[in-house]
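Colleague: Position chains B and C against the provided structure of chain A, taking the given hints into account.
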Amino acid sequence: MQPATHTAAALAERFGLGLHGDGARVVCGVGTLAGAGPDHLAFLANPKYRSQLADSRAGIVVMREDDAEGYPGTALTARDPYVAFARIAALFEPRADVTAGIHASAVVATDAHIDADASVGPFVTVGSRSRIEAGAVVGPGCVIGDDCIVGAGSELIARVTLVTRVRLGQRVRIHPGAVLGADGFGLAMEGGHWIKVPQLGGVVIGDDCEIGANTTIDRGAIDDTVLEDDVRLDNQIQIGHNVRIGAHTAMAGCSAVAGSARIGRHCLIGGAAGVLGHLEICDRVIVTAMSLVTHSIREPGEYSSGTPLMDNRSWRKSAARFKQLDALARRVNAADKE
Amino acid sequence: MQPATHTAAALAERFGLGLHGDGARVVCGVGTLAGAGPDHLAFLANPKYRSQLADSRAGIVVMREDDAEGYPGTALTARDPYVAFARIAALFEPRADVTAGIHASAVVATDAHIDADASVGPFVTVGSRSRIEAGAVVGPGCVIGDDCIVGAGSELIARVTLVTRVRLGQRVRIHPGAVLGADGFGLAMEGGHWIKVPQLGGVVIGDDCEIGANTTIDRGAIDDTVLEDDVRLDNQIQIGHNVRIGAHTAMAGCSAVAGSARIGRHCLIGGAAGVLGHLEICDRVIVTAMSLVTHSIREPGEYSSGTPLMDNRSWRKSAARFKQLDALARRVNAADKE
Amino acid sequence: MQPATHTAAALAERFGLGLHGDGARVVCGVGTLAGAGPDHLAFLANPKYRSQLADSRAGIVVMREDDAEGYPGTALTARDPYVAFARIAALFEPRADVTAGIHASAVVATDAHIDADASVGPFVTVGSRSRIEAGAVVGPGCVIGDDCIVGAGSELIARVTLVTRVRLGQRVRIHPGAVLGADGFGLAMEGGHWIKVPQLGGVVIGDDCEIGANTTIDRGAIDDTVLEDDVRLDNQIQIGHNVRIGAHTAMAGCSAVAGSARIGRHCLIGGAAGVLGHLEICDRVIVTAMSLVTHSIREPGEYSSGTPLMDNRSWRKSAARFKQLDALARRVNAADKE
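From first to last, the protein sequence lines are chains A, B and C.
Going by full-length UniProt numbering, the letters in the first sequence line up with residues 1 to 338, in that order.
Going by full-length UniProt numbering, the letters in the second sequence line up with residues 1 to 338, in that order.
Going by full-length UniProt numbering, the letters in the third sequence line up with residues 1 to 338, in that order.
If we strip away everything but chain A, and leave its shape as in the complex, we get (with noise of 0.2 Å):
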């Protein structure tokens, strides 16, 4: 692979950034500012970096016009320098040729439709009535049951299961070992023994969608679990039957939410974290890692539970004390009261 190559006026002019220096500079990659060598192109976002610029050897850096000010190298200027490089940056991405096609070893129902234009890769089983759109490239090993539909433009890395009812729009992407659709948790409990709830409906994600690895999402047990254009899911995520996600918001790793649940639009719920079911978030709601939602929230805004970390000896005694902060309060009450 001969690697692209692109100079800092050609990006300039490309991605409408202003350019400080030598417009012939080329470069055949990206890196760190301690990292990148000459022939790379590295970005100055984060202020706490700064230092790092005087001695960094990135043949170009995409900064804000105020970092250019007196920079003796070459730099792109942008509003925001992390938008600029995420652009540029894709100008170097290696990318695995994908032909149009379905591999000799898959398994396709008679009854579903694979456009001309998607790719169906090696030991992809695709079910009854279910159907791969223009564009879609659905990779090794992935299952995809009854009335699915991956929409044009989406791609399945690899390993991904569509259980059944699925349906994906368009520009969707997911990880390998991601499970859509299976069985959302409901039971009825009858004389000491569990009851299955079927699970009749399905699982709806909006246009350019991103689903981390092994992140998994339960259909709905009579309406559908829905998430909205643009919600991007990092790995491990577990989303429970009917719940609803907004618009725009991201989720962090590992985090968690319980059925029927509803997340706002532009929201950001950290790693870990976790939202009890029936509960509602609004829009433009921060959840920090590991904090679990045990209530509504109607107010935009930044919400936690949990301790902080301290060394072991010393949590242990505010631990014993959170046990008797009841009674604690109560004598400074009484206390007050004299």
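Treat the hints loosely; a few may be bogus.
If several chains are the same, the list does not tell them apart, and a pair holds so long as it fits within one copy or across any two.
Said to hold, decoys possible - Straight-line alpha carbon distances no greater than 20 Å define the calculated EDC-like cross-link-like pairs of lysine to aspartate or glutamate that follow: (1) K48 / E69; (2) K317 / E65; (3) K196 / D223; (4) K196 / E228; (5) K323 / D311; (6) K48 / D67.
In short, the hints are calculated from the structure, not lab data.
Modeller: Chains B and C alone, transformed into the frame defined by chain A:
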């Protein structure tokens, strides 16, 4: 697919339910009170949804006898409407056609035994001395290692792995991505390096268990890891080696049990809750979501840890004070003595 | 399978252990002190099980020299009986036959290189420029993408995915469902929509690492995500992009490390514990289960967060007081001043 249709009278008779209103009323599916149409059956179990009853367009509603008094529509009455609904909804569940036999692509050890009435799907491997019993369904992409048993009527939906020495009872249902029988996490430290402790046990799963998507159950170090009958595990649960879980216990998503812990019967373990290793939890214990069980529990009841959700600014203040809690308590004690 | 048998004298010689009692004693398997029969070998390492020794029917027991004094049965003595047991137990581990070669169903890129002494199982795909080295075993259903290396003697049990640019050292063991090298979770917000930041790095795994079932390790954004030698990860762990984990560190199930965090050597991370992004943890740190590391740790030692388990009724009282903790502390301070 022509959907099944049922009259209120037929359903009442079949499931032993009370009938109010028009016995000839026909439904062809289920819905929520809010979403159901005139040809759908809905249910009212949780009193908090009672207000939705008046406006519901549902053709038939399953409810308690009390709620049916004065209800002008067609009602089926039951002591537990949710259980009745679960049984009725199963009539409307679409079922994929499963035909007995072994798919041409499957790779089966010569000394494995597949019942003539079992179904083994595409891209499945079955190891030495393993047995797939009558009526069992092994879906696409499953890996069954050596010395495993898939009991009669059990179903492995797709991409399930039974690594080795995993014995499933009857009517066990396992969702995609689940891994049973991987090595337990057994390590010994010698001279600064880890030594692996061989994991020679297996996994035993009782009848009627359900195991969620991407859940993992390790095999025992010496003895087996055991789930008794009718244990219900949601998605992304981790069960360490030599754990034993009592009959009829249900665990919600992302919960985890460390090695050699024993959980009793009829327990409910909340989402993302954890149980430390070698502990014992007695029967009929409820552990709330994201709680950590740090000592054995000898009394039935409900147990919790953690702190409540707060806005981040207030939480930071409480969190800072948590670190000073022992000092605070000492000062109150000292003041009391004065 | 005829089980292997070993005499006490042969085991003592082979592993350099002390021998008390009958050197001709024969065992054909291992057991716990409580469960072993006369032809089993057991071990006593944890003093809390010493009381089980008198009643044990085990043919041979591995123990410390101290414990062997006065023991009437056959004992093998070692400074670390658990290490000695681990080595002996390996003799009794059933091993599936693995034959070198590529299964007829595997789909291997023409420019991939599979060593003649490696084994590639059914339904495996191997991408461009990838290399499977001598003695490596790639089990059924694995997906190896482009530009990956599976080092000599490494084993991918089954259904493991190496997405792209994943380089494994020697003797690495990866359990089913693990996904290495998926896209890191890199997003930039522009005009209310997410933009994906390309993930151009890879994953580097040192020698002798073990990676649990359904664990995920994302590839780096620019540089690589790195596990040094002898890192041991349990099941369902999430490692974000550009994390670095030092040699001989072990992490228990369901723990998670956010992007760009660095963990030192010889650390022990408890189950379901979390580490926030961009932090540094020095060598020889222990983090207890379900703790959240919210700041860098510069001193070896044990660290914790969270609150102790309580009955729910008492917990509710303490939890309510936690919300008032700052006000309470202020009142105590004010009272002190008076």
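Colleague: For each hint, tell me whether it holds in the structure or not.
Modeller: Checked hints:
For a Cα distance limit of 20 Å, the shortest separation of K48 from E69 inside one copy, 17 Å, qualifies, whereas the shortest one across copies, 63 Å, does not. With identical chains, the CA atoms of K317 and E65 are never at most 20 Å apart, being 51 Å at best within one copy and 38 Å at best between copies. Taking identical chains as interchangeable, the C-alpha atoms of K196 and D223 lie at most 20 Å apart only when both belong to the same chain, with a minimum of 17 Å there against 31 Å between chains. In this homomeric assembly, K196 and E228 come within 20 Å of each other (Cα to Cα) only across copies, at 17 Å, whereas the closest approach inside a single copy is 29 Å.
Taking the shortest alpha-carbon separations for K323 and D311, both the intra-copy value of 19 Å and the inter-copy value of 10 Å come in at or below 20 Å. Taking the shortest alpha-carbon separations for K48 and D67, only the intra-copy value of 12 Å comes in at or below 20 Å, while the best inter-copy value is 58 Å.
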